[in-house]
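On the provided structure of chain A, position chain B as indicated by the hints.
These protein sequences, in sequence, are chains A and B.
Taking the numbering used here, the leading residue of the first sequence gets 1030, the next gets one more, and so forth.
Taking the numbering used here, the leading residue of the second sequence gets 36, the next gets one more, and so forth.
Just so you know, the hints here were simulated from the structure itself, not pulled from any lab data.
Hints are not guaranteed to be accurate.
If you anchor each label on the Cβ, the simulated ranges turn out as follows [unchecked claim]:
hint	chain 1	residue 1	chain 2	residue 2	range
1	A	Ala1041	B	Lys158	31 to 41 Å
2	B	Gln146	A	Glu1232	23 to 33 Å
3	A	Glu1131	B	Ser51	56 to 66 Å
4	A	Lys1178	B	Pro68	46 to 56 Å
The model shown is predicted, which means the values in this text are computed figures rather than measured ones.
Virtual Cβ for every residue (Gly too), placed ideally from N, Cα, C.
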Amino acid sequence: MADKTSAAAEVAEPERRKVFRKIFRQLGVATVVTMFGKAVLDSRPARAASVLRPPGALPEPEFNAACIRCGLCVEACPYDILHLARWSDPAPTGTPYFVAREDPCRMCTDIPCARACPTGALSPLVTDIKKADMGVAVLVGHETCLNYKGLTCSICVRVCPIIGEAISLKPIKNERGVLQIPTVDSNKCTGCGTCEKHCVLAEAAIRVLPRELGLGVEGAQSVGRW
Amino acid sequence: MRQLQAMFFRNRWLFSRRIIQLLIIAAFTVELPAGGYLAQGNLSSSVWFGIGLTDPYIWLQSLLAGAPLGKAALFGVAIVAVFYLLLGGRIYCSWVCPINLVTDLSYWVRQKLNIKSNFTLSKNIRVTILMLSLLLSLLSGTLAWEAINPITLFQRELMWGSVAGATVLASIFLFDVLVTRRGWCGHVCPVGAFYSELGREGRLRVKATQVGACGGCAKCIKVCPEPHVLAPVIAKKATFVTSGDCTRCGACLDQCSTGALAMRLSFKKQGKFKGIPVVGGH
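This is chain A alone, in the form it adopts within the complex (with noise of 0.2 Å):
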């Protein structure tokens, strides 16, 4: 006790480090704060492969912004596709989604997704679905994928809606002959999903991915350049 009145006499000014004291304190907290929410939300889930946008969405970083969780979208679309993300899924919390497998994107002409947007985040130039980006199928089962096992299931090439550009059959000859392979155009494909759903294997064999998990990116070595 004795202490603490020596202390105290010795400050000139004892209010004046009575509110510094409060101001560090509070600072201090606002610090660990805002770095402890900063960390909670950088690990927050962030949108999984198998997660897909609906058509016009910005790219991710900017979707995550722009995107007020507000689910118009989700409520526009005629065949009830879309959800938003819960706690538990695998997208930013209240993001709209969907899930190519369990039901694809129709591509409506009309995109009325996209037209029910408030903020932009799902773009409102696009304006043709064709020109639409959710992603790229990608056959990534070369050795389930029945066409390759020498059979013509053929059943994605058959359900894509831009039939006969998006996923077309190509030949191609191995050592069990000549197998029609279905080949996605990745820049007709609009990452519809309807392949991915129909597709007749317990998991699919082709599926829509984020075009540059799909697709790769061209290298910066001089090796991957031409």
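Below, chain B alone, put in the same frame as chain A:
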């Protein structure tokens, strides 16, 4: 019959509020016979009869996160902001927000179980959380409060229920019952803090009406979710409740049996206080 009428009269503000709150929830969730809903979207942005409304707080987070101004949303933001600016910001809290149903239920349970324990929290916490949510939106490029916002979460749960979401709502309920009286809405929620700041000058106010009408029973203070806003009026230092924290829930008016309080629209400039009505002794 009389009794029933009296009961309704004693709870007129409460019942009006419940009706409005439930109608708003129903507008989003109950399908019309003709198909579709009366209101589309949710409380962050909605369309009513073709008119878009957008929550200014969520829009502000989006702006800070780096989004361009959505033109359609901007118009909706202006409508909502002007409404609360003119009338009083926290009208949102007690008349619109669905979480109010949860926390009012908590308060009711708390009263019924006679829970007295109260973890004291500062009212400034919500202002701090508001500032932090804006700062974090700026830093992280995402809508910080929307990662947890129970208001839109509530509406999503009604559509697509989930265990995680129900747990969040349950924890708010229990927080208010067991930890702090009026804990969530009165201390934590930054949405309330935002609307409180926005509607600081709101003109719909609780007014002390007649000279000598107050009997000094203090029932109004007991029931008020933000008791500090009534204090100056009860202490006869002001004729109007002027704090932005007042939610205009009308609980004080339901309690007041003497007609000493009333809800009034006053566009008059807040004049100098000229002294109040002396109150009869008790």
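Structure-based check of all given hints:
no.	hint	in the structure
1	A/Ala1041 / B/Lys158: 31 to 41 Å	holds, 33 Å
2	B/Gln146 / A/Glu1232: 23 to 33 Å	violated, 55 Å
3	A/Glu1131 / B/Ser51: 56 to 66 Å	violated, 43 Å
4	A/Lys1178 / B/Pro68: 46 to 56 Å	holds, 53 Å
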